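For reference, the chains in residue letters:
2 protein chains.
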Amino acid sequence: MSETETRKDTYHHGHLREELIRRGLDALEQEGAEALSLRALSGSAGVSKTAPYRHFKDKEEFLGALADEGYRLLHEALAASIAPGRKRRRAETPVGAMGRAYMAFAVSRPALYRLMNSPLMCRLPQEYTGWARKSLMLLAGTLEAARTGAEGSPDVRQAGPPDLDATAAAWAYIHGLVLIRIDGLYPTDLPEPDWDRLAGVVPELPTGS
Amino acid sequence: MSETETRKDTYHHGHLREELIRRGLDALEQEGAEALSLRALSGSAGVSKTAPYRHFKDKEEFLGALADEGYRLLHEALAASIAPGRKRRRAETPVGAMGRAYMAFAVSRPALYRLMNSPLMCRLPQEYTGWARKSLMLLAGTLEAARTGAEGSPDVRQAGPPDLDATAAAWAYIHGLVLIRIDGLYPTDLPEPDWDRLAGVVPELPTGS
DNA sequence: TGACAAGTGTTGGCAGTGTCAACATGACTC
DNA sequence: GAGTCATGTTGACACTGCCAACACTTGTCA
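If you read the sequences in order, they're chains Z and R.
Residue numbers for the first sequence follow my numbering, beginning at 1 and rising by one.
Residue numbers for the second sequence follow my numbering, beginning at 210 and rising by one.
Rather than coming from a laboratory, the hints here were simulated on the basis of the structure.
The model shown is predicted, which means the values in this text are computed figures rather than measured ones.
Keep in mind that a hint or two might mislead.
With the Cβ distance kept under 10 angstroms, some of the chain Z side facing chain R (calculated, not the full set) [stated by the list, open to error]:
{"#": "1", "residue": "104"}
{"#": "2", "residue": "107"}
{"#": "3", "residue": "114"}
{"#": "4", "residue": "179"}
{"#": "5", "residue": "193"}
Stretches of chain R that chain Z covers, calculated by requiring three or more beta carbons in the stretch to come under 8 angstroms of a beta carbon on chain Z [claimed, not checked]:
{"#": "6", "region": "227-233"}
{"#": "7", "region": "394-401"}
Virtual Cβ for every residue (Gly too), placed ideally from N, Cα, C.
Could you build all of it, start to finish, from the sequences and the hints given here?
Spelled out as structure tokens, the structure:
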């Protein structure tokens, strides 16, 4: 029996839901999303193959729980990147710092990042998309603070209606950048872009019609 | 028997490979990539479940063939968007026209677009990535022509070494924009961005370190 | 023309998956 | 202490990708 496996000595596991999510996050990066199997996960947790169905309606809902946890971690990382006390690179803007933190998160958990941004998300009930929403709003608030010249910690509540097109554009840029990198889409025989620098310079969208 | 099905009257099908690809592209958009099954495809083509394995090593290679065909179509669409005779919107740049064509392609075949940009691509042998490479180079050439002020049809061969970081940035922007749209990631309770406009204004990357 | 080889399609089978219905166990409540 | 409910188990079904062995057709070359 591998040391990563546990055997339950009681009929009821106790924290199966949490353990499945924890093991799911591990397996995601280890084996990839395609290979992630509820049965295998149950087995390694020491419960029967159908035990997960007491906690999740189906596999999709389980993946939703993983994604939600991913967004919680992402939100944490983004918030930390612009925390007041944090030491900054010279001439680094909050938007740039957040872009780099976003990139770092995705690179550290590529399979989870993919899952978090898969079409599955829009089919999920709201209870699984709370952190996703918060993460996007944190980005929007930071962009808005930069646009209106407000320094310090951004607060989306006081900044008035943000420029949502600009938010979408900045999000698109960093999202695309991250995916091209972690999916290995950039041709390997070309000199590799400086991903980290690019993540730090979120381009400006030409305004107008 | 459905009219979309065929029954072969000879032992050998004759054009099974082509038919599988054609049906695969259809099924991809109809049922989604997750539900795409070689067995079901074989069945609807009127051959046995293992017949595809005479033409493709495994499912991944089949998906690679679909993606390659997708990139051929994308290249076709991008090239048409900047063709000399084509009528242009007022004040539309070649880069903008190409961005809009890129968006239109992805929206018309979202599942195929996702497949074309999945991590699978970097595991594929070169014979399946030719059109992908050509498409990216077409984008790079158009960006380079815009950057150096050359008008008319871009030719990556004569433009000298392109600014690959700028290419990666522009690609990232439009790629991210497309994915956020087709994957339905943008919160539905917020006013929807003007995707088509955004696709037409590829932002400028601040130069320098 | 006829033997042979290569290409293509078929059959049966294996291991693995998600999911369901029926049942078992244990913890919590009155 | 009885009953209820959450949680875990067993067995089964339909489905998948893929493999080995076999069958049919076509083309090649003496």
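How the hints compare with the structure:
no.: 1; hint: 104; result: violated (16 angstroms)
no.: 2; hint: 107; result: violated (13 angstroms)
no.: 3; hint: 114; result: holds (8 angstroms)
no.: 4; hint: 179; result: holds (7 angstroms)
no.: 5; hint: 193; result: holds (4 angstroms)
no.: 6; hint: 227-233; result: violated (count 0)
no.: 7; hint: 394-401; result: holds (count 6)
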